[in-house]
Each structure stands twice: as structure tokens, then as C-alpha cells.
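Residue numbers (the numbering used here), protein chains in the order written: chain A, 75 to 177; chain B, 36 to 220.
Source of the hints: derived by calculation from the structure; they are not laboratory data.
Computed from a predicted structure; not experimentally measured.
By construction, the Cβ of each residue, glycine as well, lies at the ideal position given by its N, Cα and C atoms.
A hint or two may mislead.
Claimed, not checked - Just a sample of chain A residues kept apart from chain B, beta carbon distances all over 10 Å, derived:
1. L87
2. H97
3. L116
4. W133
5. R134
6. L146
7. Q150
8. S154
9. A161
What the hints assert, rightly or not - Once the Cα atoms are required to be at most 25 Å apart in a straight line, the calculated SDA-like pairs of lysine to any residue come out as:
10. K99(B) - L87(A)
11. K99(B) - T93(A)
12. K214(B) - Q121(A)
13. K172(B) - L87(A)
14. K99(B) - Q121(A)
15. K214(B) - R111(A)
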Amino acid sequence: MNEPSENSKPDHLDALFATAREHRPDTSRAEYGFETRLLARLRERRQPDAVSLWSVVTWRMAPFFAVCVVALALWQAEVSSESNDAAVAAGLNNPVAGYVWEN
Amino acid sequence: MDSARGSPPDEQLVSAALAGNDDAYAELAQRHKGRVFGVASRFARDAAELEDICQEVFTQAYFKLRQYRRDSPFEHWLLRITTHKCYDYLRKRRRRAPHVSVDEMLESGHEPHAPQPTAAHPDLERLHAAMGELSDKERLVITLLELEDRSVQEVAGLTGWSASNVKVRAFRARAVLRKLLDKSS
Numbered sequence: 075m076n077e078p079s080e081n082s083k084p085d086h087l088d089a090l091f092a093t094a095r096e097h098r099p100d101t102s103r104a105e106y107g108f109e110t111r112l113l114a115r116l117r118e119r120r121q122p123d124a125v126s127l128w129s130v131v132t133w134r135m136a137p138f139f140a141v142c143v144v145a146l147a148l149w150q151a152e153v154s155s156e157s158n159d160a161a162v163a164a165g166l167n168n169p170v171a172g173y174v175w176e177n
Numbered sequence: 036m037d038s039a040r041g042s043p044p045d046e047q048l049v050s051a052a053l054a055g056n057d058d059a060y061a062e063l064a065q066r067h068k069g070r071v072f073g074v075a076s077r078f079a080r081d082a083a084e085l086e087d088i089c090q091e092v093f094t095q096a097y098f099k100l101r102q103y104r105r106d107s108p109f110e111h112w113l114l115r116i117t118t119h120k121c122y123d124y125l126r127k128r129r130r131r132a133p134h135v136s137v138d139e140m141l142e143s144g145h146e147p148h149a150p151q152p153t154a155a156h157p158d159l160e161r162l163h164a165a166m167g168e169l170s171d172k173e174r175l176v177i178t179l180l181e182l183e184d185r186s187v188q189e190v191a192g193l194t195g196w197s198a199s200n201v202k203v204r205a206f207r208a209r210a211v212l213r214k215l216l217d218k219s220s
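One chain only, chain A, in its complex shape (with noise of 0.2 Å):
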């Protein structure tokens, strides 16, 4: 209705149009109670469950615990490496275990 038609005059189209805009589709009983709904979906929205909130603060902390993974290896290694050190030194200080690492 806005352009004119390809025919320049009113076709069987423009008749379908016309009616289609007098049948707008009843709403009201959809309409009932929305705000209420709305609210409700709204309240739920700004406050994440559980679930995602844990999801949240586990993803947040991932680097932490990635730190602390790392500082334990080193440790772990650096103190593996030590009483590697040691039970070499005591081994060649003990007869017995120096025949056992000589044979």
C-alpha cells in the first residue's frame, strides 16, 4: 500500500493486505500477567544458581591453581634432587651399599 503496485491499481494482493490489516491477531490473553512473568525472568537473569556461579569462580581461579601446580613440581624436583644427592653420599660412605653400586 505504501508503493504502488505493478499494475498501478488495486489488485487481489492489495485486497489480501487490506484485510490481513483488519484481522490483527488478538493478543490480550497472551498479554495477561507479562509484566509479571517478566519480572520474575528478570529477577532470574541478575541472579546466576549455583552451578554457574561455582563454573564462575573455578574458571577465575584456574591460574591461581595453575601456579600452584607449577611451584609444587619445582619444589617436588628440586627436593627429589636433593635426597638423590644424599643417598649417593651416605651410599659411598656405607661399605655395603658401595659394593652394591660398584656391582
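Assemble chain B onto chain A, guided by the hints.
Just chain B now, with coordinates in the frame of chain A:
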């Protein structure tokens, strides 16, 4: 219009909603839901989809309320969101549903747009079936222009497309609809 009746204007309600007043936003929703439901009902297939579209429109509007610049009426801003949301639904539906032609649809007695009150108007049923054959963009344009009785400029403003783009899409859509309706009659 609202201040004349003593109720606060939209801008005041927007400010109150931004300050955390939920009742103000509920008042805005109550004031504008009719227009939003009216437009969305032209695109929704059933009552559940209509509710979904409208809920998403008002939810998105709520979380983007700070982006409302107040240089145009609140309703225009809200209807732009509605238009985009309806277009999103058309696209989603197209991706999910397999293509069915108008003839197949009419033969099977399938009603493509359940909320449309077309039972008493078989011609309208044919029109809605034929509109289902249009591309999503053509369908959006023709619905806003012809069923919602908007001007080309208004449709351009709502969709964000140029006026000439809207005219071209409307012209193509009308040609396709004529062809389909001639074929099915």
C-alpha cells in the same frame, strides 16, 4: 500522552528503572507491551513463540537500557529491538525447519501461522502460506509495510536498511507473492 494523565513520562520511568526500580520497568512494559505483541504476533507461529519473542525483547531492552539515548521516543527504540528479534526468529526457524512449498502446505492442511485468525478467511491462509515462501528479509519488509502499515522510511529505520533496499525487497516480495497466489488459486 502519559504525563497528561498524570503518569510519569517514559524517560522518567527509564531513569527510575536504571536506578534499580523494577516497578518502573514493569510500568514501561505494561505501557508498551501492546505494540510489541502486535508486531511479534505477525511473525510468531504460536502463543509460546509469541511469549518467547516478547520476553526476549523486554529482557534485552532491560539489559541495554543504558544504550537508549533518548533522542527518539522509547517506543521507537523498543520497536527496533522487536523488529530485530522477529527477524532472528525467522532466521532460526528457517535453519531448523525443512522447506515446504505452499502447495504442499495447503494440501496437508498445515497452518503455518497458528496465531493468525485465518480460520474464517481461507484467502488469508493462502496469503500467510505464500509469505512463508519469501526470504526472511522480504518477509520482514512486506509484513512491516503491508500488514503493519508502516512507511518505507519507518521500515528503513526499524530494520537499519536503506530506503532503496527496503523498496527493492518489497517489490521482489510482491512479485513472488503474486506469482505464488496465482499459482495456488
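Now the hints, each set against the structure:
no.: 1; hint: L87; result: violated, 6 Å
no.: 2; hint: H97; result: violated, 6 Å
no.: 3; hint: L116; result: violated, 6 Å
no.: 4; hint: W133; result: holds, 22 Å
no.: 5; hint: R134; result: holds, 22 Å
no.: 6; hint: L146; result: holds, 42 Å
no.: 7; hint: Q150; result: holds, 48 Å
no.: 8; hint: S154; result: holds, 54 Å
no.: 9; hint: A161; result: holds, 64 Å
no.: 10; hint: K99(B) - L87(A); result: violated, 39 Å
no.: 11; hint: K99(B) - T93(A); result: violated, 37 Å
no.: 12; hint: K214(B) - Q121(A); result: violated, 52 Å
no.: 13; hint: K172(B) - L87(A); result: holds, 19 Å
no.: 14; hint: K99(B) - Q121(A); result: holds, 17 Å
no.: 15; hint: K214(B) - R111(A); result: violated, 43 Å
The structure fails to meet hints 1, 2, 3, 10, 11, 12 and 15 from the earlier list, while all remaining hints are met.
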